[in-house]
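Undergrad: Take the sequences, apply the hints, and build the full model.
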Amino acid sequence: SQKIEQNSEALNIQEGKTATLTCNYTNYSPAYLQWYRQDPGRGPVFLLLIRENEKEKRKERLKVTFDTTLKQSLFHITASQPADSATYLCALDRGGKLIFGQGTELSVKP
Amino acid sequence: DVKVTQSSRYLVKRTGEKVFLECVQDMDHENMFWYRQDPGLGLRLIYFSYDVKMKEKGDIPEGYSVSREKKERFSLILESASTNQTSMYLCASSFSGTSGSDTQYFGPGTRLTVL
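Protein chains in written order, with this note's numbering: chain A, 1 to 110; chain B, 1 to 115.
It is possible that some hints are incorrect.
[What the hints assert, rightly or not] Within a straight-line C-alpha distance of at most 20 angstroms, the following computed DMTMM-like cross-link-like pairs (lysine to aspartate or glutamate) qualify: (1) A/K97 - B/D59; (2) A/K97 - B/E79; (3) A/K97 - B/E30; (4) B/K3 - A/D39; (5) B/K55 - A/D93; (6) A/K97 - B/D28; (7) A/K97 - B/E17; (8) A/K3 - B/D28; (9) B/K57 - A/D93.
What the hints contain is simulated information worked out from the structure, not anything from laboratory work.
TA: Put into structure tokens, the structure is as follows:
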């Protein structure tokens, strides 16, 4: 069955640095991959989508890469801010449904 | 903006009770989903629906049922609540566009505790 792995350990970084989160998957070749942000006690919020034929996607301070050979996506937040502290989830398409990773908790210290 | 609302933010029920969780979306989305989220297990799909009166099982449907009588409303039913159904329940909706990339919009979640 499809499996998605994200860094289970929380990521702690200093304000202004670049945060890099990893999403690895096995046993599947998704047509696209999505990243969501989730704040405590709230539902996930969509951030970015990248398709299998795209290497990189950017939105403001966010950048996502998608390597279908390595079966990996990297999610970068440049010039990170304390307000970026949250849990970030990656999700793979599964024919109209999504499979979510467990998420990586990011903490940006001032 | 798309709005997905859930009937309760917090709910406490007793073992054996029948529990209804309601979800309403206001963007005329065809697809609706129910997930539960538990620490260490992430989001797991319980049921989903592609259209009114249609439903399909997700990855963990046991102990749950759903109802979709109107396009905007998707209900999750716990027929006989058990303590292992204590969890955060999240509803989501998406539009079946031609792009084939169905971004999901989530509600705020219902934290259910079964005693």
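Undergrad: Compare the structure with each hint and give your call.
TA: Against the structure, the hints come out as follows:
| no. | hint | result |
| --- | --- | --- |
| 1 | A/K97 - B/D59 | holds (11 angstroms) |
| 2 | A/K97 - B/E79 | violated (25 angstroms) |
| 3 | A/K97 - B/E30 | holds (13 angstroms) |
| 4 | B/K3 - A/D39 | holds (17 angstroms) |
| 5 | B/K55 - A/D93 | holds (19 angstroms) |
| 6 | A/K97 - B/D28 | holds (18 angstroms) |
| 7 | A/K97 - B/E17 | violated (30 angstroms) |
| 8 | A/K3 - B/D28 | violated (32 angstroms) |
| 9 | B/K57 - A/D93 | holds (17 angstroms) |
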